[in-house]
Structures are given as structure tokens and as C-alpha cells.
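Chemist: Quick note: the sequence shown uses my numbering, first residue 1, plus one each step.
Don't take every hint at face value.
[To be verified] Here are the simulated lysine-lysine pairs, DSS-like style, with alpha carbons at most 25 Å apart: (1) K548 / K616; (2) K338 / K674; (3) K466 / K379; (4) K668 / K548; (5) K338 / K69; (6) K212 / K141; (7) K141 / K34; (8) K548 / K688; (9) K379 / K69.
[Stated by the list, open to error] Just the calculated beta-carbon pair ranges, DEER-fashion: (10) E434 / S91: 22 to 32 Å; (11) T601 / D95: 26 to 36 Å; (12) R54 / P574: 25 to 35 Å; (13) K52 / N242: 51 to 61 Å; (14) R706 / R772: 30 to 40 Å; (15) R706 / K52: 42 to 52 Å; (16) Q263 / Q45: 50 to 60 Å; (17) A98 / K69: 35 to 45 Å; (18) R706 / D260: 53 to 63 Å; (19) R425 / Q263: 28 to 38 Å; (20) R277 / S197: 31 to 41 Å; (21) A98 / R121: 48 to 58 Å.
Don't read these hints as lab results, they were simulated from the structure.
Cβ coordinates follow ideal geometry from the N, Cα and C atoms, glycine included.
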Amino acid sequence: MKTKLFFFILLVSAAGGRLGAQSAGRECFDGHWKFHLGDPPLAEQPGFPDQKWRDLDLPHDWSIEGDMKPDHPAGVLGASLPGGIGWYRKSFTVDRCAGKHRYITFDGVYMNSTAYVNGHRLGYRPSGYTTFHYDLTPFLKDGRNVIAVRVDNSLQPNSRWYSGSGIYRHVWLTTTSSVHMDPWGPYVTTPRVSAASALVRIETALVNQSRKKANLRLEAVILDPAGNEVAAGKRSAQMAANGQVTVTLQLTVARPNLWDLDQPNLYRLVSRVFQGRELMDSHTTAFGIRTISFRPDSGFFLNNHWLKIKGVCQHHDLGCLGAAVHQRALARQLEILKGMGCNALRTSHNPPAPELLDLCDRMGLLVMVEAFDVWRLAKTKYDYHLYFDEWHERDLADMVLRDRNHPSVILWSIGNEIPEKNHIRYGGAAIAAELDAIIKRYDTTRYTTSAFAGVWRADSTLMTDKVDVIGINYTIERYPEEKAKHPHGLFIASETTSSLSSRGVYHFPADSAVFRTPDLQCSSFDHCATCYDRPWTYATQTTWRAVKETPYVAGLFVWTGFDYLGEPAYPVFPCNSSAFGAVDLCGFPKDVYYFYKSQWTDEPVLHLLPHWNWKKGDSIDVVAYTNCDEVRLFLNDRLVGAQAFANTAMTYKTLQWDSVVSLGQGPKLSLNWKVLFEPGALVAEGWKDGRRIARDVVRTAGSARRIALWADRPVIEADGKDLAFITVEIKDAQGTRVPTADPLLFFSLTGEGRIAGVANGNPISLEPAQGRQRRAFNGLCQVVLQSTGRAGEIVLTASSQGLPDETLRIRSE
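Between the sequences and the hints, there should be enough to build the whole structure, so can you do that?
Modeler: Okay, structure coming up:
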């Protein structure tokens, strides 16, 4: 039996375009809100005069709209941006039909949010990262209703990184009958999987909010990735008035299309609840059929195939867009990371936006979802430790209930570098056991972990026994010791490297172990491997080689994939963003991006650094990141030299964690030359098996002569949400990027779009993210455009003193 594809498309449309478990009665509630930065009395009351408040659509982050100032209480950890208290209000109309129920879902509000409808308090949630629901039904009336949300991010500091402020994720309004599925939807697992068939187990919690008992029928249909029906079943249930019941179905899918990194096949479960012939509720749930396992001596297996996890840690901000969720911005980040060879993300250090997991499901990326950065012991004065005792069980349960159907999710992390590990008197082992048990109450199909720093310290051994996979942050030299202590243990390098670089910045000599420099920038050579002027990690190459050559370590999560706002490498103003990323805040790859690409992909890679604008006679360290067997380097057509890699195995005797010198020890995974500078072209040729397979060139650039603009996509959707990322490049007369150019650029826009943000990737720039001007940083700048709700042309013009104007046209459709 086949189901028509258009039926499947209609179901996805009814769910608002999202891939997770979605009710057919769910609608996006982002539009037409009022906002006020401040705390006026009685703002929760429906008659409050909000006519002069700002009109906006969600998601919204008010902090990114502010100026970076040294006196903001969040400090440089919070990117020196403001917090405060803000109010959101929205009027909406409903028809109070008998038997209809409505609830509102907030994907995330930072933080300390209190919600009201028609003046009635719905509830309070302190966590800024938890998704939560409120039942509106008892307080609604026919006609106009008002929902109001107070958001309090005034107690600072409460985070070690930039958090943003406001209703920064999506909001949804769901209408159901009095008999409906639980808002989280069905729970889908695949307990048996083979090439011939997969057993799909479906647990559906049903809720009866009526005063009468109900005789129900649950019908379930599974659609394959092409939209064809491949399995179906039904089950009856009797429910008491105001009762709940969980209905379980088991269906078999023949010859399943497995979810994998290269082929992330997604099935859809369509669940419908009937009372007699009346349809009471329906949900569409995306899921994947796959198996995962960690093994003590050989690491991680996906669908019984060995796989080294090549992951990155990611904070949640989106550069100049702040914390406000934009699906296209998230997708672009993942596209860039996948291009590097990345196959996994760690959501540091909090539950992510649901769109991120939808994208990972769709694009084929593994995910470690992390719950907490703190438990009872504080890291900052006003952080989650104030709320942990009261809220941890509910917040953790909501995280698992929301995300447990995602095939991309393989690990639940109960915490990052939790201070309770440091002494048995803090009770860390008991807390870890409780958190592990909460997770397994709701999901037993994935592994639990915790990211331990100082894993050898007092109570760490007791804590590591409480989770399935031991997460080790840094300290790669201790892998053999930890393996000896836990011979049957499972290991993951949960956070590694922390190498620093500012895009396009080079300090000489390349092997210098100088961490703090007068320009407050970090060199792009692979030696700057710590912050706070003390070494606590290893250089990029050393870390990757240690993990690569240790089979019982399942893989690693590099700190970080992208730079992020806050927690700067040098924790002094005006520094306002990290320099840990392989990619800068704009999404421009740094040099180290190509190191990972050379190690994590099979495509030929050859990347030269640094740029080639120096003084004649300077002795320049030249580095090639490559997976070629041999590289031949030429300067102005003269052979400088040829180099190949030595096959030397990593030995832990070379690793001395507390020694600055150790940053450069161990066999290198790059090729290096000393070259006397002369203007011209530096050319590298990569050879493998006797053939030239790759080439890279860096040229001496002249002075800036023109502006170049190009868009990541020429056409975007006219939905008021889609984004175009515009690269602004400063070039000389011959078209070579000027690698040190920093002119001030001005932007104007006409047509069906708006400027959503401007950026340049400079970690010490104090220029506003929401303005219409920006200085280039080392030859590059970025403008982010957002569509309106109307189709048409969008025209961007860039200008700068002494340079001709440049115009770019894209379309929204």
C-alpha cells in the first residue's frame, strides 16, 4: 500500500516546516509582538497602554542591539553588552470552541521569564535554554486576548559566554481537542535493526482533559524518505475523565534505509488519535533508523561501522545576529563545518535550539547535547547554581523529552567541567547518579557522559562511574593512565585543543610561545594554544594526532568550530569575542580550518600561510596544510624546496602538559619552510603517487583599489526570515585581496530586504553589530541581509572613501 507524496508534504507544512514531533494544530506565533526595554508596572495587564512600544517579530535578542561598554556588568565574558529587563506583549484573537484546548510553547527565553495571559500568571522558568509549554485554555476568552512575557537578565554576570537577552527562539501556539497527545509527541525507538528489517517501537502519551471517559483509537503510519507508506498499525485505549495513558505500538519496516552521515535518511511517523470517527489530534514525527555503540577498545560505531568522531564544540550565538535563532544562519554554519570534515557537534554548554538538531538530522551530523555548565557550585555570581536544586529535574527531563527522537543525538552530557568533581564533600557522585537516572527514565537508547576537566582529581573517579562514557577535557597525556584505571571504560575527548588565532594575523617567529601581545590579537600559526597566559592544552596538530592514534578514544570535540561572542582569549576590554574557532564570527575560515580539512577529508587539500605582503628581506615562516604526500614550494618560479611527511608515531613521552615548550613537540602534520621575502607569487604544488593533485598560491597585493561583493546565494525566500550572507572583499587593481586592508565601509540598501547585521571577524572591534557601517578586518567584511515578506529585488551598495562604489543585486522569491 502506498501513500501519496502530497499527503506527506501537507503534514510537514501543517507542522510549520519543522522536522521534529509537531502537532497538526501548531502555528508559528512569532509575528506582531510589542517590546519595551524596561520594567513598567502592570505591563502584564491586558489593558496596559503599549501603543508606543516597539513593533517586532520574534526571535529577538535585545543585547546585540546595544553598545559594547566596559561598565556593562556582564563584562568581557558577556561581550561587554547590556542585559536588563524587557517586556514582550502580543494581542491575538481566538474562538473559544467547546472542547478545544490551546497551549503556547517557548523554544527558549533568556532568562528568568514570567508569562501571563489576560493578566493571569502562567508560570516562571529561570533557565534561558529550556523549551517549555503553558496551557492557555482556562484563561482565554472569545475575541481579543493578550499574552505578556517579562524577561529578566539584569543579574550579571550569569554566564561565562555571551547569552543574549529576550525571547530569542521561536514561539508556537497549538490548538487541540480536549483529548490529545502529550505536547512532546510520540517517542520512537528502533530496538532491532538489520539489513532485512527494523522494529520500530512507538510510545504515545495520550491526555484526556475532558470530564468524560474516552474510548480512543491510535493509528500510526510510517512513511519512508520518499513519502511512501511502509508500515501501519492501530491500537485502542480507554481513558478515564481527566486521565492519561501511554499506548505502545510496534511496527516493522522492511529493508530500512539507515540514517547515516553520508545518507541521513529520515522516516516520518504520522500519528492520529480518533474518538469514533472524529479526528482528535495528529502529530508528525521525524526519526531515523540506525544503531550506535561505544566499545572499550575501538571507540564509536554507527550502524556497526567504525567511525572516528571529528567534532567541534559550539556556543549558540550567530555572530552579528546575536543569540536570535535564524535557521539559515545555523544551516550555513553547519555547511561550513561539514566542508572542513566535521561530523559532530557538542552543544556547549546547554540544550540547543530545536532547529539545530533538525538540521543535524537532515545534514548528517552527530550531536552531544549538553544540559548544564554548573550544578550547585557557582562559576559566576548569578548563574544556574541559584536554580539547580529546584529546577534541574524538570529542565533535564524537558531536554530529553524534546530531543529523544533525533537520530543525530548520540550522547547526553550532564555537565561541563563541574566543580563538584574536585572533592568528595561536594557530593558530585550522588548528583551525577541522579542526573544519569533522570535521563534514563526518559531515554535508554543513548549514552550519558560528562565533560571532566582534571579527571584525575578527588571525586572524579566516583563521578566517572556514574555515566556511560567518560568525557575528558584536554589533558591528552593522561589517556593511558585513565585507560589503566578504567580498562573497560568508554572514552571521548569531550573538549580539546583551545588553540587561538585571529584570522589573517601572524606573529613571528612562528614557533614563539608568546600568548599576550600588544595588539591583543592571536597569531594564526599553530602555537598559540592557551589563554590567560598559562598553558593548559596542546596545539592543534598535537591534539589531533593523539586522539587519532588512540583507538579507545572515540573521537574529539575541538574547542571551538566558530568563534563566539564573549569569553575572549585575552579577558580585557576591548576584547569581546573568542579566538578559539577554526572559523571566525563571520563564517570566514581561518588557516587552521584547512588543517582540519586536510586531516578530516579525503579530497586533496593544500593551503599556504601566511599572506605574502611583508618587507623585502624578512625571514618568513611558511606553512602548508595538506594531505598530499609531497609539497614543492616555488617563489617567483624558483624552487624553494620540497618536503614530505615523516611517518613517526605519537608517543606520550613527548607530552609535557605543564611545559610551554611542549606545545611544539611531537611529529608535525604540516610542512614548514623559512623563506626570505621578496614580492611576487609563492606557489605550492601538492603531489601524490607521482601526480600533481593540488595547488595553492599567495600573491603580494598592491594598495586597495576596489570593493568586491558576493552573496552566498543569489536567490532567497521572501518569507521575512531568510538570510543572504554578503562577503565584502577589498582588492587591488589586479583583483588580489589586500590582506591588511581595513577601510571603513558604508552600506545602503533598497528593495525587499533589510540589513540584519554587519561584522568583520575582528575580536576587538567595538563597532555596532546592527549598524550600516563596518571597518574591514584584514581585507574582509560581511553584511547579512534579511528578506521581507514580499518578493522582489534587493540591492546592496558598498562605499568607502577613496574607492569606487560597488553594487550587488539578489532576489527574494
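Chemist: With a cut-off of 25 Å on the C-alpha distance, tell me whether K379 and K69 pass.
Modeler: holds, 23 Å
Chemist: Return holds or violated for the Cβ distance of R425 and Q263 against the range 28 to 38 Å.
Modeler: Violated, at about 50 Å.
Chemist: Does K69 lie within 25 Å of K338 when you go C-alpha to C-alpha?
Modeler: violated, 35 Å
Chemist: Is 22 to 32 Å respected by the C-beta to C-beta distance linking E434 and S91?
Modeler: At roughly 43 Å between Cβ atoms, S91 and E434 fall outside 22 to 32 Å, so the hint is violated.
Chemist: Just to be sure I understand the hint, the distance between the Cβ atoms of R54 and P574 should be within 25 to 35 Å; is that true here?
Modeler: Taking Cβ atoms as reference, R54 and P574 lie about 28 Å apart, which means the hint holds.
Chemist: Between K52 and N242, does the C-beta distance stay in 51 to 61 Å?
Modeler: Given about 44 Å between the Cβ atoms, the range is violated.
Chemist: Need the status of pair K141, K34: alpha-carbon distance at most 25 Å?
Modeler: holds, 21 Å
Chemist: A98 and R121, beta-carbon distance inside 48 to 58 Å?
Modeler: violated, 25 Å
Chemist: Hint check: K466 vs K379, CA-CA at most 25 Å. Holds or violated?
Modeler: Within the cut-off at roughly 23 Å; holds.
Chemist: Tell me if the straight-line CA distance from K212 to K141 falls inside 25 Å.
Modeler: Holds. K212 to K141 sits at ~23 Å (cutoff 25 Å).
Chemist: Mind checking the alpha carbons of K548 and K688 for me, to see if they're no more than 25 Å apart?
Modeler: Holds - the C-alpha atoms of K688 and K548 are around 22 Å apart, at most 25 Å.
Chemist: Cβ-Cβ distance between R706 and D260: within 53 to 63 Å?
Modeler: violated, 45 Å
Checked against the numbered hints given earlier, this structure breaks hints 1, 2, 5, 10, 11, 13, 14, 17, 18, 19 and 21; the rest are met.
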